[in-house]
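Trainee: Letter by letter, the chains look like this.
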Amino acid sequence: MLSDYFPLLIFLIAVFVFGLIALYLPPWLAGHLDSAAKDLPYESGIVPRTGARRRFAISFYLTAMLFIIFDIEAIFIYPWAVNVKGLGWFGVAEMAVFVAVLLVALIYVWRKGALEWGS
Amino acid sequence: MTINISGIGIDYGAILPELVVAGTAIVVLFLELVVPPDRRRWLAAVTVIGLLGALVATIPLWGQNRSAFGDTVIADSLAVFFNVLLIAITIATVAISPRYLHALDLDYGEYYILILGATAGMMLLAAATSLMTIFLGIELLSISLYVLSGFARTTLRSQESALKYLLLGGFATGFLLYGMALIYGATGSTTLRGIAAFTTAASSNAAGNVLLLLGIGFLSVGLAFKASAAPFHMWTPDVYEGAPTIVTTFMSVATKSAAFAAVGRVFIATFPSISSRWYFPLALIAIFSLFIGNLVAITQDNIKRMLAYSGIAHAGYILLGVLPGTAQAFSATLFYIAAYSVMNFGAFAVVTAVAAGGEQNADLSHWRGLFYRRPFLATVMTIFMLSLAGIPPTVGFFAKLFVFQALVNAQIWAPLIVAVIMTIVSFYYYLRVIVIMLAAPDEVAVEKRPLGIPTSTVLGVAGLATVVLGIFPAVVLDWATRAASLHF
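Which chain is which? The protein sequence lines are P and S, in order.
Using the numbering used here, the first residue of the first sequence is number 40, and each one after it goes up by one.
Using the numbering used here, the first residue of the second sequence is number 196, and each one after it goes up by one.
Think of the hints as simulated: they come from the structure by calculation, not from any bench.
Source: prediction; values computed, not measured.
Beta carbons are placed, not taken as given, at the ideal position from N, Cα and C, and that holds for glycine.
Please note: incorrect hints may appear among the correct ones.
Unchecked claim - Away from chain S, derived, C-beta distances all over 12 Å, residues of chain P:
1) Asp-43
2) Tyr-44
3) Ile-49
4) Gly-58
5) Leu-62
6) Leu-68
7) Ala-75
8) Lys-77
9) Arg-93
10) Ser-98
11) Phe-99
12) Ala-103
13) Ile-111
14) Ile-114
Unchecked claim - Chain P is faced by these chain S residues, among others (derived, beta-carbon under 10 Å):
15) Ile-205
16) Ile-221
17) Leu-224
18) Phe-225
19) Glu-227
20) Leu-228
21) Val-229
22) Val-230
23) Gly-380
24) Ala-402
Using the sequences plus the hints, can you model the full thing?
Mentor: Structure, rendered in structure tokens:
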């Protein structure tokens with residue numbers, strides 16, 4: 040039973056070994072040169088003007104959450120759309136209920152002002 | 196191409212109670228937008244009406260054995276037993292909520308939506324007969340409770356408790372899901388029926404299947420976390436203390452009940468053939484819970500933390516009834532869960548009522564002389580404390596008696612001895628609350644607000660039920676026996 044998973048073990052070992060090789064072989068072959076320019080965030084030479092950890096408005100977070108919800112809705116609709124003929128009116132009714140529930144949620148967040156930007 | 200959907204057993208009647216609860220949540224979500232803020236009590240009323248509708252929908256399912264949606268959920272007496280219990284808990288919670296929420300300035304409609312969402316998840320968990328629906332139920336109840344723990348948005352403790360619960364809960368969910376994946380990998384099925392068929396088949400050698408046993412182990416960790424059994428209990432005191440008391444009241448009884456429904460279905464119904472394998476770890480979890488819960492509760496000076504540790508101890512007692520793996524023992528577990536729900540709900544509801552009455556400090560020292568300030572609250576609290584300790588004639592006595600009886604019948608001695616000794620230890624901290632309430636009061640002027648009819652009624656009914664069921668336990672025991680026996 041457990042021997043069925045032997046290939047998986049080999050795979051894990053191979054992943055680990057490959058990672059080590061990719062990490063340590065190039066510096067060993069090519070050598071390593073340090074310079075101040077290499078420590079800059081952009082090696083293209085653009086001088087960063089502010090810190091990387093900036094604060095974003097909370098609106099981005101809300102928008103991202105909404106995006107995920109409706110993205111998942113779309114993901115559910117795709118397989119349904121492929122099979123809609125086979126599922127018949129039952130499938131249409133099921134999807135209508137699903138979309139209706141999300142519609143209520145959309146009305147809710149709309150009324151709560153989650154879609155207002157910067158007010 | 197026509198897809199045959201008749202074969203997967205679509206049966207909305209079997210999950211009607213869950214649908215009604217979820218539907219009520221959507222209706223309340225909608226109403227929250229149109230109801231003016233000073234009329235938010237209406238939302239509580241709508242919530243209660245929806246829950247009563249779910250109660251009506253669940254009664255006809257009693258005595259049935261309706262597997263639906265491809266063996267993923269079942270409408271049987273066990274599910275009905277838990278549905279009635281959970282709906283009753285939720286109605287009682289919602290009834291005492293408005294006054295408490297108003298006192299803490301938390302009167303938002305979202306509270307009822309989240310409570311309904313958690314209830315729907317718990318009911319689904321109690322009816323789940325597939326790893327997928329178990330997971331769905333647990334997530335639905337957990338996510339609602341994560342938000343509810345942090346519902347007091349301006350209180351740092353509440354935020355901390357929500358974050359702790361979320362992080363540790365997410366970790367436990369990882370265990371749960373990994374366990375499920377391993378069980379699926381070992382047995383090739385996600386439905387409990389399919390898994391049971393695999394483990395009972397002679398050819399499978401399930402007791403020696405490392406993947407399966409590992410999977411069951413991880414699954415136990417996830418479920419023990421939700422039931423707050425030691426050593427997976429670390430989150431319990433902090434979350435119970437930090438969360439708004441009304442939320443603690445709800446989740447300390449409802450989550451535990453639902454989690455044990457899943458424990459029963461998984462261990463007793465699905466893995467009876469390899470009970471020799473899960474018996475020892477489960478016994479160890481029970482003994483740990485009894486030790487840690489009862490011993491640490493002694494040192495607690497905050498009543499919410501004390502009740503949290505007492506809840507851990509009670510998870511141990513409830514788990515004891517699962518150990519023999521028989522219908523008779525499981526009916527004792529069900530009785531214990533029902534008894535625990537009534538008395539622990541009552542105890543936390545008193546804390547809630549005291550907070551709603553203007554005393555939001557849950558330190559035991561602030562409860563000095565409660566008998567003189569609030570005689571009714573102190574009296575019902577005394578009943579609940581005596582019942583939690585297991586002193587007759589309260590329901591807590593019979594709950595412990597039935598579980599111990601089941602252990603004697605099954606010749607399980609070591610956990611029984613621990614349980615009996617720990618019960619005696621528990622007398623100390625339960626009786627201490629009564630002594631403190633009776634002590635002469637400090638001369639502090641406390642702003643006193645009336646309790647209101649719903650809170651008094653809920654507390655009165657809970658107190659009465661604790662005593663009446665302690666004198667006539669047969670009714671509930673009969674239901675519990677029938678719910679447990681149909682299960683096999």
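Trainee: With reference to the structure, classify each hint as holding or not holding.
Mentor: For each hint, the structure was consulted:
1. Asp-43: The claim is violated: P/Asp-43 sits with its nearest Cβ about 9 Å from chain S, within 12 Å.
2. Tyr-44: violated (8 Å)
3. Ile-49: Non-interface label on P/Ile-49 holds, nearest chain S Cβ at 18 Å vs cutoff 12 Å.
4. Gly-58: holds (23 Å)
5. Leu-62: holds (28 Å)
6. Leu-68: holds (40 Å)
7. Ala-75: Non-interface label on P/Ala-75 holds, nearest chain S Cβ at 40 Å vs cutoff 12 Å.
8. Lys-77: Answer for P/Lys-77: holds, closest chain S Cβ roughly 37 Å.
9. Arg-93: Consistent with the label, P/Arg-93 stays out of reach of chain S, its closest Cβ about 23 Å off (over 12 Å).
10. Ser-98: Non-interface label on P/Ser-98 holds, nearest chain S Cβ at 18 Å vs cutoff 12 Å.
11. Phe-99: Check passes; 20 Å lies beyond 12 Å.
12. Ala-103: holds (17 Å)
13. Ile-111: holds (14 Å)
14. Ile-114: Per Cβ check, P/Ile-114 is outside 12 Å of chain S; nearest 17 Å; holds.
15. Ile-205: Since chain P brings a Cβ to about 8 Å from S/Ile-205, closer than 10 Å, the hint holds.
16. Ile-221: holds (6 Å)
17. Leu-224: holds (6 Å)
18. Phe-225: S/Phe-225 check passes; min Cβ-Cβ to chain P is 6 Å, inside 10 Å.
19. Glu-227: The hint holds - S/Glu-227 has a Cβ within 10 Å of chain P, the shortest such distance being about 7 Å.
20. Leu-228: Hint holds; S/Leu-228 Cβ to chain P Cβ min 5 Å, cut 10 Å.
21. Val-229: holds (9 Å)
22. Val-230: violated (12 Å)
23. Gly-380: Since the shortest Cβ distance to chain P is 9 Å, the answer is holds.
24. Ala-402: violated (13 Å)
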